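S.K.: Take a look at the letters that make up each chain.
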Amino acid sequence: MVEESKDRESTVGLPPGTMRYIGPHKTFRPRAELVHYSEGKATVLDATDVCPPLPAGGVIWMRVRGLHDEGLVKRVGEAFSLSPMLLEDVLNTGQRSKIEEHEDCLFIVLKSLSYEPGPTGKGEVREEQVSLVLGDNYVLSFSEGEKGLFEPILQRLVKGRSKAHQLEADYLFLMLVDTAIDHTFLALTRLGDEIEDMEEQLIEESLRADLAGIYRLRRAVLAMSRSLWPLREVVSILRKPDPTFIREENLVFVRDIYDQGMQAVETLEAFRQALTDMIEITMSSVTMRTNEVMKVLTTVATIFIPLTFITGLYGMNFRHMPELGWRYGYYAALALMALVAGGMILYFKRKDWF
Amino acid sequence: MVEESKDRESTVGLPPGTMRYIGPHKTFRPRAELVHYSEGKATVLDATDVCPPLPAGGVIWMRVRGLHDEGLVKRVGEAFSLSPMLLEDVLNTGQRSKIEEHEDCLFIVLKSLSYEPGPTGKGEVREEQVSLVLGDNYVLSFSEGEKGLFEPILQRLVKGRSKAHQLEADYLFLMLVDTAIDHTFLALTRLGDEIEDMEEQLIEESLRADLAGIYRLRRAVLAMSRSLWPLREVVSILRKPDPTFIREENLVFVRDIYDQGMQAVETLEAFRQALTDMIEITMSSVTMRTNEVMKVLTTVATIFIPLTFITGLYGMNFRHMPELGWRYGYYAALALMALVAGGMILYFKRKDWF
Amino acid sequence: MVEESKDRESTVGLPPGTMRYIGPHKTFRPRAELVHYSEGKATVLDATDVCPPLPAGGVIWMRVRGLHDEGLVKRVGEAFSLSPMLLEDVLNTGQRSKIEEHEDCLFIVLKSLSYEPGPTGKGEVREEQVSLVLGDNYVLSFSEGEKGLFEPILQRLVKGRSKAHQLEADYLFLMLVDTAIDHTFLALTRLGDEIEDMEEQLIEESLRADLAGIYRLRRAVLAMSRSLWPLREVVSILRKPDPTFIREENLVFVRDIYDQGMQAVETLEAFRQALTDMIEITMSSVTMRTNEVMKVLTTVATIFIPLTFITGLYGMNFRHMPELGWRYGYYAALALMALVAGGMILYFKRKDWF
Amino acid sequence: MVEESKDRESTVGLPPGTMRYIGPHKTFRPRAELVHYSEGKATVLDATDVCPPLPAGGVIWMRVRGLHDEGLVKRVGEAFSLSPMLLEDVLNTGQRSKIEEHEDCLFIVLKSLSYEPGPTGKGEVREEQVSLVLGDNYVLSFSEGEKGLFEPILQRLVKGRSKAHQLEADYLFLMLVDTAIDHTFLALTRLGDEIEDMEEQLIEESLRADLAGIYRLRRAVLAMSRSLWPLREVVSILRKPDPTFIREENLVFVRDIYDQGMQAVETLEAFRQALTDMIEITMSSVTMRTNEVMKVLTTVATIFIPLTFITGLYGMNFRHMPELGWRYGYYAALALMALVAGGMILYFKRKDWF
Amino acid sequence: MVEESKDRESTVGLPPGTMRYIGPHKTFRPRAELVHYSEGKATVLDATDVCPPLPAGGVIWMRVRGLHDEGLVKRVGEAFSLSPMLLEDVLNTGQRSKIEEHEDCLFIVLKSLSYEPGPTGKGEVREEQVSLVLGDNYVLSFSEGEKGLFEPILQRLVKGRSKAHQLEADYLFLMLVDTAIDHTFLALTRLGDEIEDMEEQLIEESLRADLAGIYRLRRAVLAMSRSLWPLREVVSILRKPDPTFIREENLVFVRDIYDQGMQAVETLEAFRQALTDMIEITMSSVTMRTNEVMKVLTTVATIFIPLTFITGLYGMNFRHMPELGWRYGYYAALALMALVAGGMILYFKRKDWF
Ligand SMILES: [Mg+2]
Ligand SMILES: [Mg+2]
Ligand SMILES: [Mg+2]
Ligand SMILES: [Mg+2]
Ligand SMILES: [Mg+2]
Ligand SMILES: [Mg+2]
Ligand SMILES: [Mg+2]
Ligand SMILES: [Mg+2]
Ligand SMILES: [Mg+2]
Ligand SMILES: [Mg+2]
Ligand SMILES: [Mg+2]
Ligand SMILES: [Mg+2]
Ligand SMILES: [Mg+2]
Ligand SMILES: [Mg+2]
Ligand SMILES: [Mg+2]
Ligand SMILES: [Mg+2]
Ligand SMILES: [Mg+2]
Ligand SMILES: [Mg+2]
Ligand SMILES: [Mg+2]
Ligand SMILES: [Mg+2]
Ligand SMILES: [Mg+2]
Ligand SMILES: [Mg+2]
Ligand SMILES: [Mg+2]
Ligand SMILES: [Mg+2]
Ligand SMILES: [Mg+2]
Ligand SMILES: [Mg+2]
Ligand SMILES: [Mg+2]
Ligand SMILES: [Mg+2]
Ligand SMILES: [Mg+2]
Ligand SMILES: [Mg+2]
Ligand SMILES: [Mg+2]
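Residue numbers (our numbering), protein chains in the order written: chain A, 1 to 354; chain W, 1 to 354; chain F, 1 to 354; chain Y, 1 to 354; chain P, 1 to 354.
Isolated chain A, as found in the complex (with noise of 0.2 angstroms):
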């Protein structure tokens, strides 16, 4: 965020629809590649560096891996003539989840996380901005990483094993969709299993429950949370009826993913809750401990304070002390403190200290 707030600096003032990437810096180098399909037959062209012409026919699939190339991003906004708002949207992996309906494209914004070790070996949330272009007979998808989310998707398509009314261009961005989803439901599942773990840990070995892990989990369920809180209005507005670039016959997915998405808010709900409680019932044990611990000392101390001071008392090297001399003297402070020692142990155990 350091990093974005550089970038920030130098764009207030900018007339909007400036194309600028704004994200983390990245090395390796960003790829396009046309994806054809007609009749079954899917044909892979590579776009990086020159847009080759648009087939005509059949389905287009424009599969952009990495924004960091400005130029790249603006050659493909041309070949689909896009706007320059939307290209500057797909540019900043800062942008909020949203869905876009324009004059002859649907244009959404997704995050797909992950949940994987970081350099410290404790688990992560990444998330990864997926920019969609739905227009009448092509599909555009533009994500961060090198690695593209959409592999099976391309692999179905060119082994040729998809059905014929799968072959529209909205079924495929239906599916882009869907697979977003899918990879965040796997980090979902794999943040619950170790939510569990810590709450196994929890039960076992209370007091020294690591807070400090349970508050990085926290955060990774709100971090997460936040990505996924303006699916809702992504989804509600696909599902809205009549919509334009969706065909009736395949509302059924949009249904799906909306329940999906659902799912996975309601999810990291119970995750915070059961974070919330583990840390309650941490710091209630140890506040509880500390009352244990204080009923000790309190209990030993205010027994052998009054003893030593008896004992002290009897150690004064004054030349004139009688009951030094009494023959039972030793014997009579020895009861005083037995009686003393006694009553105070009588107090405790009225105030139900043990």
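There may be inaccurate statements among the hints.
[To be verified] Label pairs and their in silico Cβ distance ranges:
1. A/14 to P/251: 13 to 23 angstroms
2. W/247 to F/248: 25 to 35 angstroms
3. A/197 to W/12: 14 to 24 angstroms
4. P/266 to Y/197: 27 to 37 angstroms
[What the hints assert, rightly or not] Derived BS3-like pairs (lysine-lysine); straight-line CA-CA distance at most 30 angstroms:
5. F/349 to Y/351
6. W/122 to P/351
7. Y/349 to P/349
8. A/147 to A/41
9. P/147 to P/26
10. F/26 to F/147
11. A/349 to W/349
12. Y/26 to Y/147
13. A/26 to A/122
14. F/349 to W/351
15. F/349 to W/349
16. P/349 to A/349
17. W/349 to A/351
18. A/122 to A/147
19. P/240 to Y/240
20. W/159 to F/74
21. W/159 to W/147
22. F/351 to P/122
23. W/122 to W/147
Simulated from the structure, these hints should not be mistaken for lab results. Please read all numbers here as calculations on a predicted model, not as lab measurements. Even for Gly, the Cβ is constructed at its ideal location relative to N, Cα and C.
Given the structure of chain A, go ahead and fit chains W, F, Y and P with the ligands onto it with the hints provided.
M.R.: Using the frame of chain A, we list chains W, F, Y and P with the ligands on its own:
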């Protein structure tokens, strides 16, 4: 959920509508029964291995117990021409509650809750997913467990005690929903009884409150709440005017189900509040007791520590200590100690510590 | 609620509309009275054992006190052709507040609250379920207790002091609702008085605040809130334009009821906030006092512990301890102690502990 | 509120529309004035004892100060044919803020807030209920206090400085609402000043923060919030398109009132947050200081307690204790003590306690 | 705000539309400039003292910097026939953000936020109120500060680099809004950087966390949230279909502004959560460390206190104490002490304190 995470990993990128059981491993054999009733007479046929030809006329109830046989669910789905998307949801026991109006059927997924002693002897929330499909003249019920939830309904049909208007598919469908909610209410009241016991215990012996037990109950309440939450949506949609699949004369039963759903949600909210209060009361009383303990320790220690210092003073072995030789030195020292102790006691009385 | 749990167990799977009393065990005998008034003259007939023929013309008020005689409720229901679903709700004292527009009557379930000293002498919230049915020319009232809530209304009718426009069924119905809410307001103001007393007590002797009492009051507030919550829904529906069962000239009374419902809900919210504040203030002051106590202990202990160590040092019995033989050894030791004590006091002054 | 509880008890079961003053006991004599203005000339007549005949033409403003004379309010109500339900609300100073569109008038109940030093010298929130009725050519204002809130408005009318378009009843009505809100804003800014003072004081001497004072301010904020809450509803209804009683050219003033209402609500929310923060900061700093205090005590005690034990050891009077006779026994003991003390200090350094 | 309180007192009862500057005292001289552009050519005229005649044709932008000259604002208002109500809001820097559709202009009040080091060197949120008026062929901008927020926009106009469609008034208006939001985003990212620094610091040295600093940041976040909250309303209204003052081709810029507003609100919510977490983590770790400290103290004290008592016992000077004369008395005492200490250590080990 760990099991689910394994399942999940292998489904990333799969096309929607892929039928695959997602849920806990089970060992019993799933079964299907075809119940047919017409003019007050009901017959029951086994449909586990082969689906018998569907009788014309009357109402059909196909009842599936156990979801872990994908073949069985698929067979039933084909016999009633259900879409693969619907069957995918039936097979996924992590599916959230929902309602969907399909072209020729109404589809509901519910969680029927139970609250019964688990392996540790303590109460546990279990949810059994129930999927119900209502068509023109048939009802399908899919439930997770071996023991059907719907035995009483079946008995009533077989004994032929239902009235005529009760012999339509939509009435049967609503009875199944009602029965699933009846089970949930039973779980609710059991949980409520346990919460009341816990409350009484808390009042009797507050500090020693079973905080772990309270948290366990709260988690049960939260788990139930999460399961019941989407129920609102379900009943709201059932309630909307002019429902397609429920005849108007049966809307009164829909209203009754809505009523019970709201009642359950409000009851759980009351439970949650009661448990949160119990935790708060326990922790407040611990804090107050720690304050009490500290006051006892401080009182005793600060009275005796100066006294013990004085005894130490006159216990020193310096050769030249004039006080030690005084005739009434010992008594002077005792008087000094009495003075110091009295002053301290006065100070604490003023501070209102006793 | 434990009793209810027993009832509940036996109702799983029963068809809706099964008439069965669900509620606390009661010993008095339920009664029904038929009030008929027409042209300013009211007559009251007992209808407990046999329902007398319903007079034609004028307005009929059937008033049932006590719900634990299923036969009586059923008989009344049959006399007015009420649906079993409605009567089931009347008999279930755990029914939440609600309003239903039936084909030929309006049905309301309300909770009339009272706040009166319970067996322990402490205030307790009690709710009495009131079900009201408004038909063309009749009103039915069902209440749980032996003593009717509606005595003043009956007296006014019998004494014939009502004006003409006040002699229609819908006006009577609204008066009954108004009276039930009047009772609730009385409970609210009593609870409010107790909260104010508690507040004054808290200000006078903060640490010794009766935390258990505050929590008891908060539970009362929460219980009342839960009972009143669904009231919003009820009055919203009553308020909607063109109500079927209320004549337009009486809408002003509906508005008045709405107004009081909102007032009650807002008052309870204010009570809740005040009680939460009282708990917070009490706990904050305990925490601050514990800090004070600790400072006293630490100050006294850390000043005297080093001094006592020094006295111990010169109380040792080693044969060869040169200091002991010094002429001014004792005074030197005293000076050392003064120095140490002074340093400590200075340190605490700097830390701003006094 | 205790007084109110007495009032309340006697109103259970009374029919709505019973005119009865509910509010604090007051001693001044309520007064009514009839202001009439037409063509820029305003006259003021006393209407306390007898309501003078209402002049035809021009605009009438009846201004009532003090509500505890039921006869006066009734007389005014009759002169303008107001419904008893409306007058009942005017007389009940516990009425919540609201707006009602009656057949021939618009009725608003508002709370005008003030924040002024109470008997203890500390600021107190006071609310004065203001009821306003707007008819075709008249405005009625009822307020609780002796000193009118609306003096400046009256002065402007009498001095004849208003412009022509400002001489209609609806404009006067909106000016009265505006003035009531101006008073509320003054209370808000005074409260805000006190909160800022408290904040500065907190920063300067954090532990000794006046927690009681912060809670007092928070209660003031909460009380104001509750009074202003229903204002949203009021202005929303005033704002709805095509209001019946406000001329279109004056809608701009309605918008201004809405604006100020929202501003007040948002300001109070900011106050509430600031005060909650102040409480939290105070308590956090107490907790941290208790930790500091405990560390000092523990450090001093755990260093000296073992040393004191050693001195005690060699202070024992056993006849046969070889160490006591050693030549360098004393120095050996001192060395042992130094070792123990050094070890302890090292331990605490490692634990990062200093 | 104190200043504001003075201002406020004198405005009670004033009629709405009274033009009066409410805001902090400022010393620079407010200025007005008239920018006129037509066919790609822009001219800038000073309009501070006298408003030059408005040129016909092209687009006019009147830019006012500094609001504390009521005469200047009034003069500009008259030149464009603005209502006094609108100008009153422009002059009140405490005005909340809002949007109003007037008959012949669109009026927006916004807060442009900055986050810069204040007098103490610590970051402070400052808000500058920006009021914008869009008419048929003119745009008015009023901002509080001397340094205009809109310099880059002016430069672009003067340099004539704008395209034709960018030369209409509504486009300029949207650019000004966009620039105000750009400034806000810069403030957000700066605040975000500081929060991240604080987070890193917390992880490195948790107990010594700068709690005051975290609270300061949280207050900044809350202040920003409050300023941005009404922005939702503003952009929602701008977004509604068929806006009167924005041409359809520019709706894409409205959508972009909406997008950024939502992003800002969500970012602030994330900041708030992160800071709340940081406070919670700090306090939890303090509580845990206090428990650790108490355990150390209790362990050391309860082991040595009984031992010291024993040494005291045999340090008493009674003449008749048989143990003192025993041959192995000393060693017996030592053994007793070892036993006691060993028992204590065992006890603590069992309690799992080490
Ligand atoms: Mg972050
Ligand atoms: Mg910009
Ligand atoms: Mg990003
Ligand atoms: Mg999927
Ligand atoms: Mg699905
Ligand atoms: Mg949980
Ligand atoms: Mg779970
Ligand atoms: Mg998939
Ligand atoms: Mg499951
Ligand atoms: Mg039922
Ligand atoms: Mg029912
Ligand atoms: Mg409770
Ligand atoms: Mg049932
Ligand atoms: Mg009941
Ligand atoms: Mg109940
Ligand atoms: Mg009433
Ligand atoms: Mg009223
Ligand atoms: Mg309060
Ligand atoms: Mg009444
Ligand atoms: Mg009042
Ligand atoms: Mg009141
Ligand atoms: Mg005003
Ligand atoms: Mg204004
Ligand atoms: Mg704040
Ligand atoms: Mg004013
Ligand atoms: Mg300002
Ligand atoms: Mg301000
Ligand atoms: Mg921008
Ligand atoms: Mg954008
Ligand atoms: Mg966080
Ligand atoms: Mg976080």
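S.K.: Indicate, hint by hint, whether the structure satisfies it.
M.R.: To see whether the hints hold, each was checked on the structure:
1. A/14 to P/251: 13 to 23 angstroms: holds (20 angstroms)
2. W/247 to F/248: 25 to 35 angstroms: Holds: the Cβ-Cβ distance is about 34 angstroms, inside 25 to 35 angstroms.
3. A/197 to W/12: 14 to 24 angstroms: holds (22 angstroms)
4. P/266 to Y/197: 27 to 37 angstroms: Holds - the Cβ-Cβ distance for residue 266 of chain P and residue 197 of chain Y, about 35 angstroms, lies within 27 to 37 angstroms.
5. F/349 to Y/351: holds (26 angstroms)
6. W/122 to P/351: The given pair, whose Cα atoms are some 26 angstroms apart, holds under the 30 angstroms limit.
7. Y/349 to P/349: holds (24 angstroms)
8. A/147 to A/41: Holds, because 24 angstroms separates the two Cα atoms, which is no more than 30 angstroms.
9. P/147 to P/26: holds (13 angstroms)
10. F/26 to F/147: Between residue 26 of chain F and residue 147 of chain F the Cα gap is close to 13 angstroms, so the pair holds against 30 angstroms.
11. A/349 to W/349: This hinted pair holds, its Cα atoms lying about 24 angstroms apart.
12. Y/26 to Y/147: Between residue 26 of chain Y and residue 147 of chain Y the Cα gap is close to 13 angstroms, so the pair holds against 30 angstroms.
13. A/26 to A/122: holds (22 angstroms)
14. F/349 to W/351: OK: residue 349 of chain F and residue 351 of chain W at ~20 angstroms, within 30 angstroms.
15. F/349 to W/349: It holds: about 24 angstroms lies between the C-alpha atoms, which stays within 30 angstroms.
16. P/349 to A/349: Distance ~24 angstroms between residue 349 of chain P and residue 349 of chain A Cα, so the pair holds.
17. W/349 to A/351: It holds: about 20 angstroms lies between the C-alpha atoms, which stays within 30 angstroms.
18. A/122 to A/147: Cα-Cα ~22 angstroms, so holds.
19. P/240 to Y/240: holds (17 angstroms)
20. W/159 to F/74: Distance of about 26 angstroms is within 30 angstroms: holds.
21. W/159 to W/147: holds (20 angstroms)
22. F/351 to P/122: Holds, at roughly 26 angstroms.
23. W/122 to W/147: With Cα atoms ~22 angstroms apart, residue 122 of chain W and residue 147 of chain W stay inside 30 angstroms; holds.
Consistency note: the structure conflicts with none of the earlier hints.
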